[in-house]
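Asker: Sequence:
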Amino acid sequence: MKKIDWQRMLRTGGLMFLVAVLLLAAAPLKTEAAGTREILLGYNDELTGIKAEMNAGSVYVPLRETAQKLQLKVGGTTEQVLVSGSKHSIVIVPGKQQAVSGAKTSSLKTYVSAGRLMVPVSLFKGTFNYAIAYDASVPLVRITSGKQKLNLQSFIEQNRAKPSQQPGKPQDKPQTSKPVSSKPIYLTFDDGPTAHTNELLDILAQYDARGTFFMLGPNIASYPKSVKRLIASGSAAGLHGMTHVKNKFYASPESALAEMKQDNDALYKAAGVKSSLIRTPYGSKPYFKQAYRDKVLSAGFRLWDWNVDSEDWKYKADHTRVIRSVLDQINTLERQGTVPVVLMHDQAATLKVLPEVLKTLKSKGYTFEVIDSGMTPVNFWHDKR
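Per our numbering: the sequence shown ends with 385, consecutive numbering throughout.
One should not assume that every hint holds.
[As the list claims (entries may be wrong)] Taking lysine to aspartate or glutamate and the EDC-like style, the derived pairs with C-alpha atoms no more than 16 Å apart in a straight line are: (1) Lys295 <-> Glu254; (2) Lys352 <-> Glu254; (3) Lys384 <-> Glu254; (4) Lys352 <-> Glu311; (5) Lys359 <-> Asp328.
[Unchecked claim] Beta-carbon label-pair distances, calculated as ranges: (6) Asp265 <-> Lys289: 21 to 29 Å; (7) Pro218 <-> Asp45: 40 to 48 Å; (8) Asp383 <-> Asp45: 34 to 42 Å; (9) Lys314 <-> Gly57: 46 to 54 Å; (10) Gly57 <-> Asn331: 20 to 28 Å; (11) Gly146 <-> Trp313: 33 to 41 Å; (12) Asp265 <-> Trp313: 20 to 28 Å; (13) Gly75 <-> Arg324: 37 to 45 Å; (14) Gly337 <-> Thr105: 18 to 26 Å; (15) Ala291 <-> Ala232: 33 to 41 Å; (16) Pro355 <-> Gly102: 38 to 46 Å; (17) Ala291 <-> Gln262: 16 to 24 Å; (18) Pro355 <-> Thr105: 51 to 59 Å; (19) Trp313 <-> Lys183: 26 to 34 Å.
By construction, these hints were calculated from the structure, which means they are not laboratory data. Even glycine gets a Cβ: it sits at the ideal position worked out from N, Cα and C.
Please model the complete structure; the sequences and the hints are all you need to start from.
Answerer: This is the structure:
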């Protein structure tokens, strides 16, 4: 076991944090809870939007999302998943419920939840030397690297606070503890943020809904408050590039990657977060060919298209047509057992159709979820990287 620097632990984490680490040092986190339930995940002094789970008394986290937050690389295949850091690496073999580190092979329970490969949070302690603490009263699990400024108690108290609400605005509901739905739908909005984003968020809030916004870098710079609000409300941020000009974005694989990186930098500057979710201009077919995908996806990005096209950009004045088309396409996917991923746009015309779409879908039992980096991407190339 790695030698513990007791004085440093007391300085950075406080006595309560030290006790928690000692209790958790030898095994996966345990509580008296049974079954599976969702818990919050913190990293250093940040409460992330990542959904962890308590399963059979142990805390599990989505591998890809958590690794990305910890700045670890995930590669390999679905049969053999490689997780690597600057000094350590491990290969996870889900089919055999095993993990391989060097010459050592050990058992490792994994499972899939909402398309995410879930692994014990203790994996990051044992392999990559992160510290882990758990508080059942929140419930919350916290991973720390030593760079945190808050001790565990202060971190918990800070995140018990309720988000402030703007007078006259519908309540934005972060839905961090919302259980995974048996009938999810993913609404996505391209080309924002715009002058209409706040109105769009108002409508989503009225129906307890969230969306995934694939945004353009220059627009992010123009409407940073809207970006912060959509993230605070539980919606997700994705990337759509910088120019939305075919000949510029698709000039080369390098130009495509450069636009997504610049877009991510704009997102970080505006809201202090980054995203691995991308949607290319006009969708990935036919332009985003193998060479482009190899270049961009190897940098850690996840490619998303859609399976329901609202064509709200095309029929801006014909609201009834757009509503009917969206609902008909969703009904077809429901009969096929396929989860809908709906393409819409952040524009004035969408404000006219969204309430009816949300009302109808909610009456049919759908819940409006957000795309996360641990999910298997839906794209026209069936590229699951």
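Asker: Which of the numbered hints are not met once you compare them with the structure shown?
Answerer: 2, 3, 7, 10, 11, 14 and 16
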